[in-house]
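Chemist: Turn these sequences into a full structure, and let the hints guide you.
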Amino acid sequence: RKEVEQDPGPFNVPEGATVAFNCTYSNSASQSFFWYRQDCRKEPKLLMSVYSSGNEDGRFTAQLNRASQYISLLIRDSKLSDSATYLCVVNLNTGGFKTIFGAGTRLFVKA
Amino acid sequence: GAGVSQSPSNKVTEKGKDVELRCDPISGHTALYWYRQSLGQGLEFLIYFQGNSAPDKSGLPSDRFSAERTGGSVSTLTIQRTQQEDSAVYLCASSLVEGEYTQYFGPGTRLTVL
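Line by line, the protein sequences give chains A and B. This note's numbering numbers the first residue of the first sequence as 123 and each following residue consecutively. This note's numbering numbers the first residue of the second sequence as 780 and each following residue consecutively.
These are computed hints drawn from the structure, not numbers from a lab. Keep in mind that the hints are not guaranteed to be accurate.
[To be verified] DSBU-like cross-link-like pairs, simulated, lysine-lysine; straight-line CA separation at most 35 Å:
1. A:K164 / A:K124
2. B:K794 / A:K164
3. A:K124 / A:K167
4. A:K167 / B:K796
5. A:K124 / B:K836
6. A:K167 / B:K794
7. A:K124 / B:K794
8. A:K164 / B:K836
9. B:K836 / A:K167
10. A:K124 / B:K796
[Stated by the list, open to error] Non-contacting residues of chain B with respect to chain A, defined by C-beta distances greater than 10 Å in every case (computed):
11. E799
12. D842
13. R843
[What the hints assert, rightly or not] A few chain B positions that, by computed beta-carbon distances, are all more than 12 Å from chain A:
14. Q785
15. K790
16. G807
17. R860
18. Q863
We put the beta carbon where it would ideally sit given N, CA and C, even for glycine.
Modeler: This is the structure:
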């Protein structure tokens, strides 16, 4: 089983739609959580950190459920510019620090 | 300010040759990370450096891979006796310290082994 698993998609949605991505992680020693965005042939960039209480940044909402080892990202009112791959990221420390990236979920927003 | 820079941006080499990839982190960032991303795949964590501490090398795929960081700043990833399966984009990132802080990525080095 992969340490961080995501639905690869692709998700094809119209502009204005709400779309949700899920991510599960297997290691209970996971300490911090993030969503990154990666555009085609570009480097990943931080979208938002994920906190236990849930957090929102404009149209984006992230949730963390430590008991279920589950992270989600909700995008409301999708824009064409949201088309990208969304990467679920987990930092863990099991005697040594490590960052694990999920394989990503591809999103296509169409007009 | 300047972001993370990497050089070269592209490298084509023949199987069996050694290559060196360079990363200049953001000034003041103590943590530096190396990843590789094969076509259509996720990022694979290779190694990270935190300050002057010895790096955790457990993520390196084979003993042909090594990395060093001089003076707590610039890092070099060396691949000896390259193989075709080493072809990938090698990404470097830095953060203020390890852990909760945002990792800022460089544009990557695209390595092609013929």
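Chemist: Could you work out which earlier hints the structure fails to respect and list their numbers in ascending sequence?
Modeler: The structure breaks only hint 14.
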